[in-house]
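Participant: Turn these sequences into a full structure, and let the hints guide you.
Protein chains in written order, with the numbering used here: chain A, 144 to 296; chain B, 144 to 296; chain C, 144 to 296; chain D, 144 to 296.
Some hints here could point you the wrong way.
Same chains, same label: a pair holds when it works inside one copy or across any pair of copies.
Stated by the list, open to error - Derived lysine-lysine pairs resembling DSS-like cross-links, with alpha carbons at most 30 angstroms apart:
id : residue 1 : residue 2
1  : K293      : K173
2  : K293      : K273
3  : K276      : K293
4  : K173      : K273
5  : K257      : K293
Bear in mind the hints are in silico, worked out from the structure with no lab data behind them.
Protein chains: 4
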Amino acid sequence: MTATPPAFVPADPGFAARVRESFARQGAMKTLGAELIAVAPGYCAIALAPRPEVAQQHGYVHAGVVTAIVDSAGGYAGFTLFPVGASVLSVEFKINLLAPATGDRLVAEGFVVKPGRTLVITRGEVHAEKHGKRTLVAIMQQTLIVMHGKKEA
Amino acid sequence: MTATPPAFVPADPGFAARVRESFARQGAMKTLGAELIAVAPGYCAIALAPRPEVAQQHGYVHAGVVTAIVDSAGGYAGFTLFPVGASVLSVEFKINLLAPATGDRLVAEGFVVKPGRTLVITRGEVHAEKHGKRTLVAIMQQTLIVMHGKKEA
Amino acid sequence: MTATPPAFVPADPGFAARVRESFARQGAMKTLGAELIAVAPGYCAIALAPRPEVAQQHGYVHAGVVTAIVDSAGGYAGFTLFPVGASVLSVEFKINLLAPATGDRLVAEGFVVKPGRTLVITRGEVHAEKHGKRTLVAIMQQTLIVMHGKKEA
Amino acid sequence: MTATPPAFVPADPGFAARVRESFARQGAMKTLGAELIAVAPGYCAIALAPRPEVAQQHGYVHAGVVTAIVDSAGGYAGFTLFPVGASVLSVEFKINLLAPATGDRLVAEGFVVKPGRTLVITRGEVHAEKHGKRTLVAIMQQTLIVMHGKKEA
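Facilitator: This is how it looks when you write it as structure tokens:
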């Protein structure tokens, strides 16, 4: 949608390993059954299989669970661009839920819109995949803060 | 904060039972260890004990999990005012995370700000309780839609 | 960013004239000096020249004015898809401000993300143009409601 | 709504004069006809008279204009707590529009929810006054950034 999609250069060439290590420490992602499926500069994707243990009352994936994976995807999209020794926190986010979160797999993607020394702004999307078809189920805008001198681990 | 806090009259005197039945069907709430602790007209409270299974990488409760309980609290706050036979869905919400979600217990509260036939607007707050002290850790604004003629179960 | 960008078919072939008539009735747009520069199915663009009369204390265009043009752009993007006799209202929106709103011209664009009978979800972007260069200064997520049987005029 | 409403102590006893000087430099507030009516630690109120020059197509005050006054109210609520020599910028905000913005007068109020060295979180409310009755027409959540070493003027 943006005229010039930014090509990001990570400050730390080891960014992908740092994202994977941090993701592995998120007990919530393990409890929800979320999986890190892609990491690139300014980008992260996380997948989740819909099932009753993560559902709301109608059987769809709970909006909070959809939020959890897209919040993490946005946070790690930003984190790919952070210098070594810095840590990431979500300041705020806003989610619109567009369609029932159901299907074979949900894929949450985070995209850095605007990197910065203190704040990083991201966008997120969640698609539901079913029989090879993708449906957009949620969109997000998110603000992250860079915690300098605070390691992730 | 509002000059005249509204006193809501539920359309269905059995609203509390309907909320409890619907909450019991949310597999995600059980998986996260969330508990429904209070229901009143236009109000709902949900509690969660912080623990590694719902944490992010620094050991605090994951922002998505904080969101899950306050989204449900806001949704059920609205649902208390719905007529029999109507169901609730979150259209969107926005969360600001104010302090680390940690302590003995998190309590998420939803408050109806503006009821309506089609849309209901709520506010949410999440407090962390530790040694009898409460800290505000998140605030939410949320839009719900009333699905008439669609039962919750 | 979305895999399959939707191609929208307007319900009313006279959508562009309806948008222009409605825009012309927005006294706020005239007061702010905003101009409707493009209308297409699911899309609308509005331009504004930065000047002291619309500035905040540092001389940049006020965040509320940036919001006014992107709210209108999103609202009219949705309105292009409405049937004759329906009217549009903003339910809510969220804006992230990414860079100072300054330059030769601001261009706010609204894009329909998800049309619906009752609710329409849009995204918005505001770019600042200076010496032929575009800078993204704000992004928006917005929820609109379709007021059936309520004419715009 | 919060258990313990915070009592804020401003870092600069001359905070009210600083707010008034900064507000006077906002050309947009003058163009819209907005008036600063109250300043206190962590609080600010701004009023506006509805009239065709600030209206949308149905004759109500434009959502962007409602946003402009509540964004400024929230920003100055935060600014009351800033040290001398620091400046304020809105990072993001989210508005829910609850009722038509019309009547004799709109009053936008900003309240600091969480002060901080870098980020300040506020809530906002806009009431419409008519024949002595107040109606809540909008609520806001907002994130501000403190620009240290950057004077307002």
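Participant: Against this structure, judge whether each hint is valid.
Facilitator: A quick look at each hint next to the structure:
1. K293 - K173: Within one copy, since 24 angstroms is at most 30 angstroms while 33 angstroms is not.
2. K293 - K273: between (40 angstroms within a copy, 24 angstroms between copies)
3. K276 - K293: between (41 angstroms within a copy, 27 angstroms between copies)
4. K173 - K273: both (23 angstroms within a copy, 26 angstroms between copies)
5. K257 - K293: both (22 angstroms within a copy, 22 angstroms between copies)
Comparing the model with each numbered hint stated earlier shows that all of them hold.
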